[in-house]
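Participant: Spelled out, the chains give:
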Amino acid sequence: MSASADLDKLFSALHRHKDLLIGAYLNGDGFVDNTTENGKAVGELTKLGILWFTDEDDRTRMSQAFLDICNVARRDELRRNVNVDIADRLRSTEDLVSSYRVARQAGTEDEQKAIFRAIEEQVYALRETLASTSRQIWQEINSEFGHVTTLELKMQENLRVIDRVKRLNDNLALIDYPTLASPRFAGENPELRRLFLLGLVAAVSEIREELVDAMHRLEGMLFSFRKQQRHARLVHAFYQRFLRDPGFRAENYAEQTQIPNIINQVVGIDVSGHADLDNDRHESTFTELIASLRKRKVQTAPSEPVERISVIDSDSMSSEPLQQDPLHESIQAFYLSVEPGKTISAMGLHSLAPDACSDEIWLYAIIGRFNLMTVKERGFFRLEYVEEVDPLFNGRFSIKDLRVSVRKGA
Amino acid sequence: MLDDRSQFAPTVEKLLLGEVICEARTPELFQFLANAANEDDVNAYLSRIDRVLRRTSDQLAWFAAYKDIEAQSARSCISRQFSEVINDLEPLVRWLSMTTILNGSGASLQAGDEIRSSDLIRSIESAPALCEELEQISRYGLFKNAQSQPKRQLDAVLHRLVERGYLVTTGRSRAKYIATGLWSRLYDLMSFIQAHEQIALEEGEDAAQQDELQI
Numbered sequence: 001m002s003a004s005a006d007l008d009k010l011f012s013a014l015h016r017h018k019d020l021l022i023g024a025y026l027n028g029d030g031f032v033d034n035t036t037e038n039g040k041a042v043g044e045l046t047k048l049g050i051l052w053f054t055d056e057d058d059r060t061r062m063s064q065a066f067l068d069i070c071n072v073a074r075r076d077e078l079r080r081n082v083n084v085d086i087a088d089r090l091r092s093t094e095d096l097v098s099s100y101r102v103a104r105q106a107g108t109e110d111e112q113k114a115i116f117r118a119i120e121e122q123v124y125a126l127r128e129t130l131a132s133t134s135r136q137i138w139q140e141i142n143s144e145f146g147h148v149t150t151l152e153l154k155m156q157e158n159l160r161v162i163d164r165v166k167r168l169n170d171n172l173a174l175i176d177y178p179t180l181a182s183p184r185f186a187g188e189n190p191e192l193r194r195l196f197l198l199g200l201v202a203a204v205s206e207i208r209e210e211l212v213d214a215m216h217r218l219e220g221m222l223f224s225f226r227k228q229q230r231h232a233r234l235v236h237a238f239y240q241r242f243l244r245d246p247g248f249r250a251e252n253y254a255e256q257t258q259i260p261n262i263i264n265q266v267v268g269i270d271v272s273g274h275a276d277l278d279n280d281r282h283e284s285t286f287t288e289l290i291a292s293l294r295k296r297k298v299q300t301a302p303s304e305p306v307e308r309i310s311v312i313d314s315d316s317m318s319s320e321p322l323q324q325d326p327l328h329e330s331i332q333a334f335y336l337s338v339e340p341g342k343t344i345s346a347m348g349l350h351s352l353a354p355d356a357c358s359d360e361i362w363l364y365a366i367i368g369r370f371n372l373m374t375v376k377e378r379g380f381f382r383l384e385y386v387e388e389v390d391p392l393f394n395g396r397f398s399i400k401d402l403r404v405s406v407r408k409g410a
Numbered sequence: 001m002l003d004d005r006s007q008f009a010p011t012v013e014k015l016l017l018g019e020v021i022c023e024a025r026t027p028e029l030f031q032f033l034a035n036a037a038n039e040d041d042v043n044a045y046l047s048r049i050d051r052v053l054r055r056t057s058d059q060l061a062w063f064a065a066y067k068d069i070e071a072q073s074a075r076s077c078i079s080r081q082f083s084e085v086i087n088d089l090e091p092l093v094r095w096l097s098m099t100t101i102l103n104g105s106g107a108s109l110q111a112g113d114e115i116r117s118s119d120l121i122r123s124i125e126s127a128p129a130l131c132e133e134l135e136q137i138s139r140y141g142l143f144k145n146a147q148s149q150p151k152r153q154l155d156a157v158l159h160r161l162v163e164r165g166y167l168v169t170t171g172r173s174r175a176k177y178i179a180t181g182l183w184s185r186l187y188d189l190m191s192f193i194q195a196h197e198q199i200a201l202e203e204g205e206d207a208a209q210q211d212e213l214q215i
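So the sequence lines, in the order shown, correspond to chains A and B. Anchor point for the first sequence: position 374 equals 374 in the numbering used here, and the numbering is continuous, going up by one each time. Anchor point for the second sequence: position 148 equals 148 in the numbering used here, and the numbering is continuous, going up by one each time.
Certain hints may be false.
Stated by the list, open to error - If you anchor each label on the Cβ, the simulated ranges turn out as follows:
1) A:209 x B:195: 34 to 42 angstroms
2) A:356 x B:148: 32 to 40 angstroms
3) B:83 x A:271: 19 to 27 angstroms
4) B:165 x A:382: 45 to 53 angstroms
5) A:292 x B:83: 50 to 58 angstroms
6) A:292 x B:119: 51 to 59 angstroms
No lab work stands behind these hints: they were computed from the structure. None of these values were measured; they are calculated from a predicted model. Cβ atoms here follow ideal geometry from the backbone N, Cα and C, with glycine treated the same way.
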C-alpha cells in the first residue's frame, strides 16, 4: 500500500471517529472505555496506532503522539506543562520499580512480567514526552513565531519558549546517569539496566543536545528581534527630529581631529586591469572579443583615375623645398625659446602655436615632441606636468599646463 | 558550484570598490566570508593595502574600512562619504518610517526583507497621509522626481533605491525587491549620530505608533 493510501486511511478514520476521540481527550483524560458500540472504532484506531490497550484494566488509551497533536491544536499551555513534568513520571516509575522488586522476591512470574511491561511503558512514555516537547519547541523556532505578527509579540513568545527550554532542561537534570543507575531505578538488575541505562540515557542525552541548540537559536533570534526593535526606535526618533527641526543636519564627524571609527568605510577604487596580450591562454578570449567588436566603416575617398607618374630625369628639374608642418615649426620654436635657469609654460607661449590650434593639441604636441627626443636631447630639457584632480573620476588627473626648463649642467 | 578559492578575488574586488557584501546582493560572497578561514584570508590581504574587513553590528553585511584613518587621503574619503550619508539621511528616514507603518509589525526595514511594489502602492493609495508623505519625499533630495501619481512616484523612489544599492530587484517582473545590507550600515551610522546629536530614543514605546502618520 502506498504512503498516500495509508494517510488516506488515517485521515478518514480520524474523521469517522472524531467524536469518540474528542470525547476521550476532553472528558476521559485520554482513555476510551471499551464498549460493544465502539469496539469496531477502537479496533481500527488501535491498528492505526492512535490508541493502545492497557493491561491493567479493560480500557484503551490515546498514544502520546496523538495527545500531543491535540494539545498543540488546542494550544493548551497547562497540559504541555503537565507533559513536561518529568518529576511526576519519574516518581511513578520509581514506585513501579519498587513493586517489581517485591514481585521478583514474592510474586508470580506473570505479576513480574506485568509490572515490567508497565515500567517499559512508563519509560517509553517518558522518552516520547521528551522528544515531543523538543519537537514542539523546534516547531515554534522554525516558524519564527509566525502565529504572531508584531515584533513585540514575537519577543514575548521568544522569551516564553526560552523559559520553557530552561524548565525542561532543569527537569532533565533529574534523569542523570547516577540517579538512573541507583537502586531506586536500575540497580543491579540486567533488564532494568538495559531499560534505564541504555535507552533512556541515550534519549536524554540526545534531547539535551537539541535543547542546547534550541537555546542558542532562541538567543540569536532574541538578539535579532531586539536589534530590529532598536532600529525601529531609531527611525522613529530621527523622524520626529526632522519634523521638529526642519533642515536638521548632523555634524560631519569625519572632520573632527579624531575620526570616530564607526564612520570609517573605504571609498571605491578602480580595480580594473589591462589585457595581458602575452598570455597564450587568453588568446581565444581576445580573438572572440575582437571578433565581436562592431566593425567601423573606413571612410575612403572616391576612387579617381590615378595619373601615371611620369619619371623625369632629375637633372632636368629644379628642386623645390618641402612644405614644413606649421605645428612642427611652432613646437621647435617653443623648445628653442627655453633659456638656462628659466622655466617656460606651454600655455604661456600658446601664441607660438599656429592659428586654430586648440589648447589640448598644443599640449599633446609638446609632450609628443618630448617623447620623440633622443636620449641626448632629453638630457637638455626637463618637462613637468601641471595636473588637476578630475572632479568626477577619482584617481584620474587632467593636464592643465606644461613647464619646460633646461636641466642643470646641460 | 564555484569553490571557495574562486570567490576570493571577487570578494576583495567588491570590498575595494566600496561595496557592501550581503546575502541579498552577493549571496555567494556573503557565504564565502561566513567561513572564518576565508574571513582571515581576506582580512590579511586587505591589511597589506592598509584596509581592514568590517561587519555591521547586526552581522548582516561586510565592508572594507581604512586601517589608518589618520592618513590625509583616508580622512578626505571618509569625510566625503559621511557627508553623503548626512545629505541623504532625511529622505531615507522618511522612507523607512513609511515602510515601518506599512509593514505593521513594528519592525523597520532590515537587510533581507522583501518589498512588493504592488503591496506598497495598494496600502499607500488607501491612506491619504501616506500619499502626502510620498509626495513630500518626491519633491526634494535623494528621491526628487517629477511624477504626480503615487504609483509613478513610488516607482521613482524604488528605482533610486536600487540605483543607490539599498534594494535589489528579484524575479522577472522586477516588482519585487530585497533590502540589502546597506540598511544595516545606515542603522549603525544612525545609532552613532543619535548618540552624538543627543536624539532621544523613546524606550518602551512602540515605535510603530507614529502619530503624525496614522493611517
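Participant: Would you mind marking each hint as holding or not holding in the structure?
Facilitator: Hint by hint, here is what the structure shows:
Hint check: residue 209 of chain A to residue 195 of chain B, Cβ distance near 41 angstroms, so the stated range 34 to 42 angstroms holds. In this structure the supplied range 32 to 40 angstroms is violated for residue 356 of chain A paired with residue 148 of chain B, their Cβ-Cβ distance being about 50 angstroms. At roughly 24 angstroms, the beta-carbon separation of residue 83 of chain B and residue 271 of chain A lies within the given 19 to 27 angstroms, and the hint holds. Range check, residue 165 of chain B to residue 382 of chain A: about 46 angstroms between beta-carbon atoms, so the 45 to 53 angstroms window is met.
Taking the beta carbon of each, residue 292 of chain A and residue 83 of chain B are about 42 angstroms apart, not inside 50 to 58 angstroms as hinted. For the pair residue 292 of chain A and residue 119 of chain B, the supplied restraint of 51 to 59 angstroms is violated, since their beta-carbon distance comes to about 42 angstroms.
Violation of the numbered hints given earlier is confined to hints 2, 5 and 6; the remaining hints are satisfied by the structure.
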